[in-house]
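J.: Build the full structure now, drawing on both the sequences and the hints.
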Amino acid sequence: MTIDMTDPFELAGKRFRSRLIVGTGKYRDFTETTHAVEASGAEIVTVAVRRVNITDPGKENLLDFLKPSRYTILPNTAGCYTADDAVRTARLAREAGVGNWVKLEVIGDQKTLFPDVPATLEAARVLVREGFVVLPYINDDPIAAKKLEEVGCAAVMPLAAPIGSGLGIRNPYNVRIILEQSRVPVIVDAGVGTASDAAVAMELGCDAVLMNTAIAGAKDPVLMAQAMRQAVEAGRNAFRAGRIPRKLYATASSPLDGVLE
Amino acid sequence: MHVIINGDLQVVHDGLTIAELIAQLGLNQRRIAVEINREIIAREHYPQRRLNDGDAVEIVHFIGGG
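Going line by line, the protein sequences match chains A and B. Take 1 as the starting number for the first sequence in the numbering used here and just add one per residue. Take 1001 as the starting number for the second sequence in the numbering used here and just add one per residue.
Because the hints were derived from the structure by calculation, they are not lab data. From the three backbone atoms N, C-alpha and C, an ideal C-beta is built for every residue, glycine too. Among the clues, some could well be false.
Non-contacting residues of chain A with respect to chain B, defined by C-beta distances greater than 12 angstroms in every case (computed) [unchecked claim]:
1) K147
2) E149
3) Y173
4) G242
Just so you have them, the derived chain A footprint on chain B, three or more residues with Cβ under 8 angstroms [stated by the list, open to error]:
5) 1002-1009
6) 1016-1027
7) 1053-1061
Here are the simulated distance ranges between beta carbons [stated by the list, open to error]:
8) B/A1042 to A/Y173: 42 to 50 angstroms
9) B/Q1029 to A/I244: 53 to 61 angstroms
10) B/G1026 to A/G99: 19 to 27 angstroms
11) A/F239 to B/E1020: 52 to 60 angstroms
12) A/E180 to B/I1040: 34 to 42 angstroms
T.: The following block contains the structure:
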């Protein structure tokens, strides 16, 4: 499989071949995580910041498997419900020494895991000022996207559907509006269920897709990771190629001249 | 003396430094971050910074997440 080197994905001044960003949660073990991430072709992986279990720290650590020398590590602020908690988590992640990128999530509600947009905006302001590369998880809301871009976020990451729901792109029209107005990369974050969802996101013109559950929760995560890689590439290529317009009636593919009489 | 480490009350010897604590926990080789009473401690200060009785310490690392 070849990746088009003439079409790099640029994010915060870095260039990537892959437009698929994957999470590392919900896998059986680090070996499965590693195999799935490799099959996905992703160069950016998200991780969570949590307390070390001090009574049993474990011999192995995620970053022994996904080496920061090979992958761009994108710590998230998952589980944070206030701007303060998200800022605190981002600062800890930076101190832990994997760079200054952060996937900013400030959750507004436990059941839907929808973002608290005002709190996300507040945290984004602080983190941008402190020199972070801020990639915020938001609703498919063009106004929220615009405000986050204005405060200096390096991308906007609208959800396609609730986190882990696998419902696919619920509002492609809003995503299109966000794409039209944005001068920073637009990354669909959350909601993808299967390969066609990822392809749809890319066909809309999104710069990248971020997913975790769709791969980790599949019966065969490694095979699904490969499918997602192919779908993201196919969707991107289709977007660049320019699809034909939709028409109500048929247009023959074979010439009418020379038809037998 | 008593300190709270990641929410658990622990007994440690007086004047324990962060570097010593991390070594005791076997976390030397790991990418971690440490807070004492909600203040992030820079890595280069681990050898000098001593814990005080009653300190609340948080030690975090990276795990799988989306």
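J.: Which of the numbered hints above does this structure break?
T.: none
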